[in-house]
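S.K.: Based on the hints, put chain V in the right spot on chain F.
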Amino acid sequence: MLTTLLATFATRVGTEADTAVVWGVFCLAASSLLALLFIPRVRGWTTWVWTHSLWPVGPYLLWFALGGMATSLLAGFVLDEAGRLSYEPCETRIDLRVLTAPESRAAFQHLGDQFADDQAAAAGCRPVRINVFAQSSVSALEDAFVHQVQWSGSTFAKGPAQVGSALLTPQPDVWIPPSSALVDDLLEQDQDDGLVSLGSIASSPLVLAVTQEQADRIGQRTGQTLQEILAKAVGPARPNPETSEMGLMVSYDLYRGHFSSSQRHREARQADEQRLAKTTMTGRGPADLLCAVRRSADASEVAPLVSEQVLFDYAAGSPLGSLCPASGQGTPLVAVYPSDTRALDFPFVRVSWTGQGGNARHQLIDRFHDWLTPGRLQTMGFRSPSGTAGDRLSRAGGFSHQGIPPGSAPSAAELRDTRAYLGQARRPLNTILALDISGSMSQKVASQVTKLDRARILARTTVRLLGSAGSADRVGIWSFPQWPGGGGLSIGRLLDPVDVRGPQADRLNPEINRLVTPNGGSSPLYKTLLEALNQVSADTSRTPSVVVLTDADDSVKIGPDGPSPNASQQWLEQVRNRINELHKDEIYPHIAVLAIGNRGWCTGKEARPLQRYLHCHDQDATDGDPESLLTEVIAELRRG
Amino acid sequence: MSVLSPLTGRWRWTAALAGILVGLGWVVVPHLVEPDAGCGDNGSGMITVAAGTDVSFNTQRRTLLRVWNERVRKLNGDPEARLEEIGSLADVQRSQMIGALQSGGCRYDALALDLPWIEEFYRRGLLAPLRGFAQEDRHPQAWQAGVRGKNTYAVPFDSDVALLYYRTGGQRPQSWADIDKVPRKAGYEATYAGQFASYEGLTVNLLELLWSVDPGGTLESSPRTIKVVNELIGRMNRPVFPAVWRESVVSAEQETTEAFLDGKVLMMRNWPYVYRILASQENLNPPGRPRLFAVTQLPGPSVLGGHSLALARTSPHKDATRRLIEFLTGSEAQQLLFSCGGFAPSRIGALRETSCAQAQRRLAVPDDERAAPVTGSDNLPEEQLKPLVNELRKAFEKARLRPVSSFYSEYSTTLQCHLYPYLRDRSTFDAAGLRSLRDALQAALRGTGPTGCG
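Chains as they are written, first to last, in the numbering used here: chain F, -16 to 623; chain V, 56 to 509.
Excised from the complex, chain F in its bound form (with noise of 0.2 Å):
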């Protein structure tokens, strides 16, 4: 409630931004009135003052402010209450848009339904609707945050004119990330005041979900910090950092003991990033990670970090994310927790958008928060804020029912220095992304999409992701067979690779979007790789990497030795030749081959005599979701 009459008074004075000057205003104006009022020597002090300084108008004003302030105050509480009383729900039914993290969008949607219902038995109408909806890009999340007009997502063309835009997500009036460091990190960025903090509502602690049985190896389940944790863990896992919050959090964790730019701490940061390379599974986010395991037959040897409440989705059987969207059980997992972690600590962040809000929304945002009182999501499996776990998780098993006070979250700084530790804890790749623009990939395969706009749109999203990664990857875009020109066994050295995140990055995504197939041409995609292998190799710095964006038809005429009916397999010859020998001399290239529209490629006879050498991915190409595909290549191509 008085966070409720703060935001009321805040508007009065005209400003929501600033929470903190609000306070400051408003425990003056009280203050100033209570002391007036009952203490004598303040009167007499401002007595003297008025009488003395305003004469003759000074005790005119101070009969005028006492009568304002007092009414003000008085007239602000009873609007308030009066506001929850007589606010009339049946004429003004509103909908909410929510916008929270992926792994916690149907707990939230489930509380949404909840709080409507709790209003509709109270009003005896429906006066509320709450949409819960999740993006799962943290980065493009970001984005469209600090630069309120970009929400509009990608626009489109038809010709030479743009005619629209694609939204990025609904517009939502409520934001509740997984951690208050995010909105900190935004807020600082962001000179708008569009986003207002009403703090933490609920508080979910980290944990490493092993099975009983590795629990009993790591030791203790609780009082171990996360390194000691991670030293005696199988198959540690984390989140996507470049794309989940979660992810991004417990890199921050991970790295919170070695915390500083010298070489030492450096060291240790890219041994941490080792061992969790290591593992075979990838996600991109907590829930995907748990979704992996409940559909794995063994989960001995794999350990996940991720929040508690997620896990105890899982131990429920709850539905998880896109990948696992029905009910069902996985290998009993506990929770071993690290005993220096910070907590998610999920704030509730109310978002104003230029010319929509109004009192009647602002009243019911406010009511949702209230509503959402910690008794509540504790039984969606969250704790308190203050870290007291509700009777749900204690009884689940494989949980701890102590506190587990939260701790600060980070600050936008360290969230800052997590991510450009990230980038420098891993080793960077030197990547060519080679699109196949042979005729045949004029091919539509749905709707209004050929199968080179979809190598595009996985082409652009490969760049996003690296260059959101923090890392000093470097990307070339090249072509085969040529453009413009060429044909024949010529390849389109478009841009030979450039600092992801350098000034040349801009000239990526127009030498992608400006790509068309030509009439017919052949498909040296072997020549290509031989080719790309060469250039990539050249950085010894770098991790070499091929990504080949193709419909992965291989169909040259023209062998390395002249016209020749086995073409194809002789570029084949000369690609593993040379993979061998950058082998001798410790150079491991890796390559991605993205077989677009051609199911059962990656297992057919061309790709077999590679396969040692390749990730393979035949893709679909309608597939909606490159990003999913895309976290997993690139995680791949870092692991080698």
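None of these hints come from the bench; they were simulated from the model.
For clarity, every value in this text was computed on a predicted model and none was experimentally measured.
Heads up, a few of these hints could be off.
Stated by the list, open to error - Covered by chain F, per the in silico footprint, the following chain V stretches (three or more residues, Cβ under 8 Å):
(1) 159 to 169
(2) 197 to 211
(3) 456 to 468
As the list claims (entries may be wrong) - The calculated label-pair distances, taken between Cβ atoms and stated as ranges, are:
(4) V:LYS282 x F:HIS384: 45 to 53 Å
(5) F:PRO546 x V:ALA412: 23 to 31 Å
(6) V:GLY100 x F:PHE21: 35 to 43 Å
(7) F:GLY422 x V:ARG416: 23 to 31 Å
(8) V:LYS449 x F:PRO357: 17 to 25 Å
(9) F:GLY422 x V:PRO345: 43 to 51 Å
(10) F:VAL499 x V:LYS129: 45 to 53 Å
(11) V:ALA419 x F:GLN172: 43 to 51 Å
(12) V:GLY80 x F:GLY380: 56 to 64 Å
(13) F:GLY107 x V:GLY224: 42 to 50 Å
(14) F:GLY422 x V:PRO294: 20 to 28 Å
(15) V:PRO195 x F:GLY107: 33 to 41 Å
Beta carbons are placed, not taken as given, at the ideal position from N, Cα and C, and that holds for glycine.
M.R.: Chain V in isolation, oriented as in the chain F frame:
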């Protein structure tokens, strides 16, 4: 000395009263006055059309906007228009449109509303009447869905009826019994794919299943509801070659299309725009040979789907937006949406075998748009359009509207939250489940009381 002493009681209270009045005004007035969105223009100076993702073949909605923009640039000086696509899921689109408009914001001028939302947007006072429009040759049901009293609030933009696509080689399926009897075929995973993921598609698919056995029934009151749901679960549960593809419970339109394209299922329920996608695949429509897929009506009535264009009450460009809506719903635009985009037209006159090239010429689509790289199968010859036209005509005659209520969205999500767990977990739906569903759906449609989804 008291602070109050310099004044007499009368003046003292006069000053205090003035303070009270000002203080009261300071607090109360902003509570009474909703803030003005203050958007004389929505920022861009353009007309903004809010819609779902353009799934028409070769994005013909976007083509229409481009044609409009070229016209106004040359001719009348109306503002140009832009499309804002709000995702592919209906619930997400509705949520954004309502959220952006209900506090007086003017982000959008025109709204492509799913037919069952019109009542809600109208009741909430978010729409302005569209004067000067007449029914003409528009589908009567779709037209009526946008009329309130003497005013028209939404004009049909595209109309949809579900169709049954099937691989040729077997018998033309005419009932669920026919679908159930399809023998196992090597390489395929199941007979039929529908859209049973937890979104609007689930509501629509379940209504159609019910109407196939109880044409006038509603899910909350029909005695057949239990049987329909359990039969569906039984079809998925069949251990060998299930009649219904199990992945249907996590599938929307796109996923079922892919399953059909990838040869996982022999049949699928889908919208007319998918016909063009299938026809553009050489493995389904080999050049110079008979098509390997066919289309027919569903075993029962289809839900009448589609979108109508409405004018936002807060639009700063009302007159120009009306003219834009007139253009987008006109005969030539409708012909383009059907012939090139695969959307079933909202005008009966446009439901004919006109080629895409002809439709583009009539609308004066810019040359570079027409010269865009196309494969031979983009331009479906008239004889390939004929079966689609025939089936669409028949399907439209039988199609039915979803419940009309300003609480339709609650109705739909309530249905999903009560029935989806049974389908997802393939557990038996019983009388207690039906009672609970009935109470919840009735509460949802009345707009009163809890729906039990929390």
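S.K.: Give a verdict on every hint.
M.R.: Quick rundown of the hints versus the structure:
1. 159 to 169: holds (count 4)
2. 197 to 211: violated (count 0)
3. 456 to 468: holds (count 3)
4. V:LYS282 x F:HIS384: 45 to 53 Å: 46 Å, holds
5. F:PRO546 x V:ALA412: 23 to 31 Å: Taking Cβ atoms as reference, PRO546 (chain F) and ALA412 (chain V) lie about 41 Å apart, which means the hint is violated.
6. V:GLY100 x F:PHE21: 35 to 43 Å: At 59 Å between Cβs, range violated.
7. F:GLY422 x V:ARG416: 23 to 31 Å: With Cβ atoms ~27 Å apart, the hint holds.
8. V:LYS449 x F:PRO357: 17 to 25 Å: Cβ of LYS449 (chain V) to Cβ of PRO357 (chain F): about 58 Å, so the range 17 to 25 Å is violated.
9. F:GLY422 x V:PRO345: 43 to 51 Å: 26 Å, violated
10. F:VAL499 x V:LYS129: 45 to 53 Å: 28 Å, violated
11. V:ALA419 x F:GLN172: 43 to 51 Å: Holds: the Cβ-Cβ distance is about 47 Å, inside 43 to 51 Å.
12. V:GLY80 x F:GLY380: 56 to 64 Å: The hint (56 to 64 Å, Cβ to Cβ) holds, given that GLY80 (chain V) and GLY380 (chain F) are roughly 60 Å apart.
13. F:GLY107 x V:GLY224: 42 to 50 Å: 58 Å, violated
14. F:GLY422 x V:PRO294: 20 to 28 Å: 45 Å, violated
15. V:PRO195 x F:GLY107: 33 to 41 Å: With a Cβ separation near 37 Å, PRO195 (chain V) and GLY107 (chain F) satisfy 33 to 41 Å, so the hint holds.
Violated hints, listed in ascending order, are 2, 5, 6, 8, 9, 10, 13, 14; each of the other numbered hints is respected by the structure.
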